[in-house]
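Colleague: When you get a sec, could you build the whole thing from the sequences and use the hints?
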Amino acid sequence: MKKRSFRRPRPVAEFQKEKAGKGQDKKANGQPQEGPALTDDLTANINYLKGRIGASNDVIFREFVLPLPTPVEAVLIFIDGLTSSTTINEYILEALTTFDGKEADWAKDRRNLAEKIKDHVLTINEVSLEANLTLIITAILSGETALLIEGEDRALICNTRGWERRGIEEPATEAAVRGSRVGFNEVLRTNTAQIRRWIRDPDLRIKTMKIGLRSRTDVAVVYLESVANPEVVAEVEQRLKKIKIDGVVESAYLQEYIEDRPYSIFPTLQTTERVDRVVGAVLEGKVAVLVDNTPFALIMPITFWQLYYSAEDYYHRWPLTILIRLIRFIAFFFSLYLPAIFIALAVY
Numbered sequence: 001m002k003k004r005s006f007r008r009p010r011p012v013a014e015f016q017k018e019k020a021g022k023g024q025d026k027k028a029n030g031q032p033q034e035g036p037a038l039t040d041d042l043t044a045n046i047n048y049l050k051g052r053i054g055a056s057n058d059v060i061f062r063e064f065v066l067p068l069p070t071p072v073e074a075v076l077i078f079i080d081g082l083t084s085s086t087t088i089n090e091y092i093l094e095a096l097t098t099f100d101g102k103e104a105d106w107a108k109d110r111r112n113l114a115e116k117i118k119d120h121v122l123t124i125n126e127v128s129l130e131a132n133l134t135l136i137i138t139a140i141l142s143g144e145t146a147l148l149i150e151g152e153d154r155a156l157i158c159n160t161r162g163w164e165r166r167g168i169e170e171p172a173t174e175a176a177v178r179g180s181r182v183g184f185n186e187v188l189r190t191n192t193a194q195i196r197r198w199i200r201d202p203d204l205r206i207k208t209m210k211i212g213l214r215s216r217t218d219v220a221v222v223y224l225e226s227v228a229n230p231e232v233v234a235e236v237e238q239r240l241k242k243i244k245i246d247g248v249v250e251s252a253y254l255q256e257y258i259e260d261r262p263y264s265i266f267p268t269l270q271t272t273e274r275v276d277r278v279v280g281a282v283l284e285g286k287v288a289v290l291v292d293n294t295p296f297a298l299i300m301p302i303t304f305w306q307l308y309y310s311a312e313d314y315y316h317r318w319p320l321t322i323l324i325r326l327i328r329f330i331a332f333f334f335s336l337y338l339p340a341i342f343i344a345l346a347v348y
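Heads up: the sequence shown begins at 1 in the working numbering, then just goes up one per residue.
It cannot be assumed that every hint is accurate.
[To be verified] Straight-line distance between alpha carbons at most 30 Å, and here's what the computed DSS-like set of lysine-lysine pairs gives:
#1 Lys242 <-> Lys207
#2 Lys118 <-> Lys102
#3 Lys207 <-> Lys244
#4 Lys108 <-> Lys118
#5 Lys244 <-> Lys210
#6 Lys50 <-> Lys116
[Unchecked claim] Derived Cβ-Cβ restraints for the label pairs, each shown as a range:
#7 Pro202 <-> Ile343: 58 to 66 Å
#8 Ser128 <-> Arg166: 26 to 34 Å
#9 Met209 <-> Thr303: 22 to 30 Å
#10 Ser128 <-> Trp106: 18 to 26 Å
#11 Leu68 <-> Thr271: 52 to 60 Å
By construction, these hints were calculated from the structure, which means they are not laboratory data.
All C-beta atoms, glycine included, are put in the ideal place defined by N, C-alpha and C.
Modeller: So this is what it looks like as structure tokens:
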């Protein structure tokens, strides 16, 4: 009978070191570090991108020829469903295939062709140059369109996001008799635009970062630079950048990582889907964190007394507001202790 051989279990430290080595091309907050660079060989670039993201049917590689004195091959790469077909067809593809490149003076010299097309041909408002293939893939997966040109080692990234979205509606969880009927939705840029409509101050800062090694979720930190405490803002940004997680599905994922006492029964951050509540907190010097794909924002820092605030408090005069908050606190005290006091007096 053959004797079985048993392998010695691997130490935990060795396993963690190997796991960390596999993900060394990504930062702690999910943002990719320096990855492979784009080459001037269009075929090699297409093959690389198809190997990474091209096995799905919704990834579109639209090849065409630029009408230059010497025709040049190019390709548009985007994801169907995340992009606006109208924007791609009218402002990118039509502009690239119908411009008179044979008569243009700038087209006679092939050097820096990508930058010349960005300046003279494309009519879309947001266009940038990118040479990092990892960042190009992230842009494509975020709903942007990449333009690759034969002989160019930089791609043109065009903002063509245009997926289906829910309209702006009244918050379902925080209904109010008086005040705004506007709530956040699941699109981050729509939510930040609503805050901009309320606070038209040049000191308003909206800093966006990506969190999640796989989801690459957009997260925005919102504050007033002239009002908020710089140390608090720096602490919030530092804690967000330290988060190492595969994906961020909802803002509650971040709350567990950035609050001081995650095991406390009392919340140390405030959650809301009302725009006016976030605006009021930002005007008071607090920091708001908005996450893409969720209407719930985080407000920090807060105190225990601020948990008794209501959205309607911003619309009443201050004496009435203080009275209402005091009544809420008294009601909380009686609802928590009155049954116990009654039983103690009745029995003992």
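Colleague: All hints, please: hold or fail.
Modeller: Now the hints, each set against the structure:
1. For the given pair, Lys242 sits about 16 Å from Lys207 by alpha-carbon distance, which is consistent with the 30 Å threshold.
2. A C-alpha spacing of about 17 Å is found between Lys118 and Lys102, which places the hinted pair at or below 30 Å, so the restraint holds.
3. Restraint check for Lys207 and Lys244: satisfied, since their Cα atoms lie roughly 19 Å apart, inside the 30 Å limit.
4. Distance check on the hinted pair: Lys108 and Lys118 sit about 16 Å apart at the alpha-carbon level, within 30 Å; holds.
5. The suggested pairing of Lys244 with Lys210 holds, with an alpha-carbon distance near 11 Å, which does not exceed 30 Å.
6. Note on Lys50 and Lys116: the hinted pairing holds, with a Cα-Cα distance of about 27 Å set against a maximum of 30 Å.
7. A hinted range of 58 to 66 Å holds for the C-beta pair Pro202 and Ile343, which are about 59 Å apart.
8. A hinted range of 26 to 34 Å for the beta carbons of Ser128 and Arg166 is consistent with their spacing of about 28 Å.
9. A hinted range of 22 to 30 Å for the beta carbons of Met209 and Thr303 is consistent with their spacing of about 27 Å.
10. At about 19 Å, the beta-carbon gap between Ser128 and Trp106 stays in the expected band of 18 to 26 Å.
11. At about 54 Å, the beta-carbon gap between Leu68 and Thr271 stays in the expected band of 52 to 60 Å.
Violated hints for the displayed structure: none, as all numbered hints are satisfied.
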